[in-house]
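**Student:** Below are the chains, spelled out letter by letter.
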Amino acid sequence: MTKTLGIYGVTLVVSLALMSMSGCSKKSVQSGGDSQATQGMAKGGTADSPKSGVGSFPDTSLQSGGGGLQGINKNPSEERVGGGTLLAKVDPSGSAGRQMDEIRAEQAASAAAGLRDVFFAYDSWTISEDGRQALSRDAEWMKSNSSAQIKVEGHCDERGTSAYNLVLGEKRAKAARNYLVELGVGANRLSVVSYGKERPSCNEHTEACYQQNRRGHLSLKTGK
Amino acid sequence: MTQVKLISALVGGLLLMAGAIGILESGAADVFLEATRPDFQKISLAVAGIHNAGGPDWLGGRIEEVLKKDVKRSLVFDLLDLPSLGIKTVDIGNGTEASSKAVFKQAAEKGVSVLVWGKAGLKEADKDADVNMEGFVYDSGSDEVVGGKRYAGSPSVVRLMAHRFADELVFRYTGEPGIARTKIAYVAEHGSARELFVMDYDGYDTRQLTADGFLNLMPRWSPDRRFLVFTAYRNRNTQDIDMIELATGKRWTVISLGGLNITPALSPDGNFLAFASSHEGNSDLYRLDTRTKAIQRLTSNPAGDLSPSWSPNGRELVFVSDRGGGPQLFLMGSDGSNVRRLTFEGDYNAAPVWSPRGNWIAYVCRARREYKLCLISPDGQKRTQLTTGPGVDDSPSWSPDGRHLVFSSTADGKSHIYMINADGKDIERLTFEGTHNSAPSWSPAS
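First to last, the sequence lines map onto chains A and B. The first sequence begins at 1 in the working numbering and counts up one residue at a time. The second sequence begins at 1001 in the working numbering and counts up one residue at a time.
Extracted from the complex, chain B is given alone in its bound form (with noise of 0.2 Å):
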């Protein structure tokens, strides 16, 4: 129950930069509990419909659904639905209407902070022709239109129209990008092989990027969103670390050690690959400089060492090691200096990653025999379980906004990829199709 409130107080406090500042201070409890103060409400928001102009009759209402849901997605804004409130969603024009103006004030006595609606039609007749599409936002602070988008594009990019419009209107009220447009990179089964795909955040939109009939697995992004590092079985005898080129599917290794080459991520900078290798014996941590090609050995142990992730300043990195054992979090600069362990709760934990704001490490915790995500702030003083039940959850991968996760769970029998808010809340299932889709990783922002 503690943690619960705890978490979602983390939300809370993830919202506003003034809450973050609170959390960053992690060290004191005094400290967090400030960040659990009801200080940021969500922005009420209501889409008083996107109207169709002109077009094929879904257009309007896909981009209306698209909207909303990244609306709610965004965790920034409170989506009020305005029929329910008593207000008809009137076609507002764009907003200098006499009638607009009765819906506006209508709209603010029922606590709605921001109105949002639009209208999407086609350039030409021709059903190939260009979608035009036109959002407007009221501000019921300052009672005026504050402005508006105008987007065109083939109808194949209505999705892509709506997943901007939603950036624009989180970027406008909290000055951050917005996760709408951010990419989910996955392994999903084709055959007997696992290939690497890449969805939009929402699920939507798939493409597959290698068909090479074998095993790709593990994929992380670069910094600059153009690149996927990830694992491959050349002549599925040695592993090594690939890449490839979203823009082009050019792929290459870079990584040709001999042995086991695994868990690759690269530094938030850019600047180094860190990874995990057996070619000088057992599995160890590794990091490339990736501008001289040269690599330094990170650890040096007996035990299995694997799966780093940076912390988002990259000085330091959280890995697993079952050098006590069981495999378990430690923490050490990225230079492998001052190696410590983090977690000393149960004897399974695994696959960490560092959150973009710093603050926590979600990774795959066993209890009870079951493979579930928990939390655990860095300094080891907080740590919560957020999913429960059957199944084995693995690979939880940070959004770029810090509020969500994306992580595959065989909790449905086969293994598909879910995503979950950082409280824990609003579980939702992302892939459907195949019978195992696993190893998500979120891209960051663009």
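This is chain A alone, in the form it adopts within the complex (with noise of 0.2 Å):
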């Protein structure tokens, strides 16, 4: 209890602090902020993928943000109301079209190849009896096709938290990859990735389609 206490403490104190600063915060104009954004970007450029795994980080500890209040008082002076810092206009890059094409090229691929998806059952990972003749025959065709290179999605149904169905959707498309292996599939020729709950290949909340989402897809890489 005290113990209990002495920790909880420390969490009203910290609260408190913060709380006390972002009342200093009042003062920050809206601009400072926006130059201490740009000069934490300079050093971390775009999108590019960094050799070390980690990108450049910002000092995101700073208080200040919308425009602190003023208070109520008896005579007010006149506060210009803006949209504050939040002013993002969509990337352009028009990366959007490009993915899209990639996408349909992939599913055509695919589709052309014959290749088979596996299902599985509610919370499982399990590879059944249905999955393997499905991933024999995708093993067959691996073997004929011997510079293709195929990514394994694995995917859920809606039921579920995003973020822990993105763990089982990788659970089971390691499932998946892992048969294909040992059906004789050079493991160099797999890589996986797990779309969770977020790619779904049907939207009704019935058993039919949530089964259907369940599932290991076998995905021919066409381009990169």
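If you are wondering where the hints come from, they were derived from the structure by calculation, not from laboratory data. The beta carbon of each residue, even a glycine, is placed where N, CA and C say it ideally should be. Any given hint could turn out to be false.
[Stated by the list, open to error] Dumping the calculated DSBU-like pairs for lysine-lysine here, alpha-carbon to alpha-carbon at most 30 Å:
#, chain 1, residue 1, chain 2, residue 2
1, A, Lys74, B, Lys1042
2, A, Lys74, B, Lys1069
3, A, Lys74, A, Lys151
4, B, Lys1072, B, Lys1105
5, B, Lys1414, B, Lys1069
6, A, Lys74, B, Lys1105
[Said to hold, decoys possible] Not close to chain A: a few residues of chain B, all C-beta gaps over 10 Å, as computed:
#, residue
7, Lys1069
8, Lys1105
9, Thr1384
10, Asp1426
Both chains are given apart, each in its own frame, so use the hints to dock them into the complex.
**Tutor:** Written out as structure tokens, the structure reads:
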């Protein structure tokens, strides 16, 4: 009890400190926050993937933001209300169109190859007998198309949390990948990725649709 | 029933720092009961109109409507309706007229503690001219007009004026900044892609942040509200953790290790980024020191570990692990020490978020095959289910005042975003467009 009190006492002190910090930041002007951001960005650059695996990281500890409150008082001066710092415009890179084209190409190539999906039970990543048969045919295809690179996608139904379904999807993708390797497909020809419940093939709240979405999907890589 | 009582007590307690101290001693049941005393009465507040002073017809009414909703949502005030108290909402001007004194007297007699009114108009006759808004506050306790606010801005920011005035009212009566100017980041389906969006906490003023045509998932705010961290897919094959600056839309990769890289969460001081990554086999937890760029592995377990959420003092993390079979909540020190299991009830507990007051952890629990919101105290002593009924509830996120949660739910068929009070009352739907809105994340207060 005393211990618990101690821990939460600290929590309280910290939250009080944070509160008083945000009080202090009243005077900070929005443009100040912006210039800070630009400095942080300058080191980092763009969406290029850094070799070390870790990109630049700006200082995010400042408690400035949308402008502080100045209090209700008897002779209020006029306060200018603006959009704050949230002025984002959509990234105009146009990558959406490119992605769509690539997805269509992958889908067409995978369908043409006749690659089969493997389906899973609720909450499960065990390959069923049907799944083994589907993967055996996929493995045969891969052996006779020895240059093909396959992405094994793990998918889930809509039940459960987005986050945990990403982990579940990865387990499904890896289970399918491992079985293909067992059947003699080179591991270097197989990559895995989990899409969790974020790329469903149907959207109905029915068991039939759930089953269709709990799948390992083999996608033939067409580009990079 | 008892649970409902306890939770409504919680909200009451949150309203006063003194009450909060009682709750923070959550180890002892008797102390917790102390917080159930109705010590805190919401402050009764009425809005006597935001009157038009030269401008489009909708102007005053719009501001008044937004202000009233903010006041109600604050849970600090009890919003009274003047007409139903038999008080005519006349234009009170600046509150110096004799007629206004009569209104004050009437209001005070009917139990109104705070009376708010104002006016709004265009600075010039031009329809694109700036809007001026003035708000006044009468306090019946001191029987005086305690002051007011004067705002100016383009017609596109009138909602923000109302939000700002509401936050000033909360600030004046609680010393806290209020949540009316907070934002909610979320994911929405856009074609077959999932892109990041930001909206005001009341569901208005939606802005799209990403447009890369694939999956952008689970955004979380930086403590300074200037950035979001989230999971993205490079070339649809590799999962990275990206960062986007809201003011500029600039976006870059911060974690690119291979494998699954998900559920990023910045520590309250911004010095660490906790995240789950499977680059060393299966999903484990790591933390990046954002200053030195050193990565420390926090868990090493053949099961999946994910979804870290920081305690408000940054000393502990709650996370999900399926090391016992199904997903359950675990606690550990933020350096990976002292791991212990928190949830034992049910076979599916996930997506935990630690409340900004520290006294509750909200999460998704599975009850009768439905996925609902639950709360548990960090000592595991108190647990309650917040939502019921069909549908998948997911991704709870606390308001910075700890009085509300935002979450996604498929209760209405499609996935939409909802707000709910921490006592399970007042569910409010925030999104209406599209077929899929998910992964809401509530910004810190400004």
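**Student:** If you check each hint against the structure, which ones fail?
**Tutor:** 3
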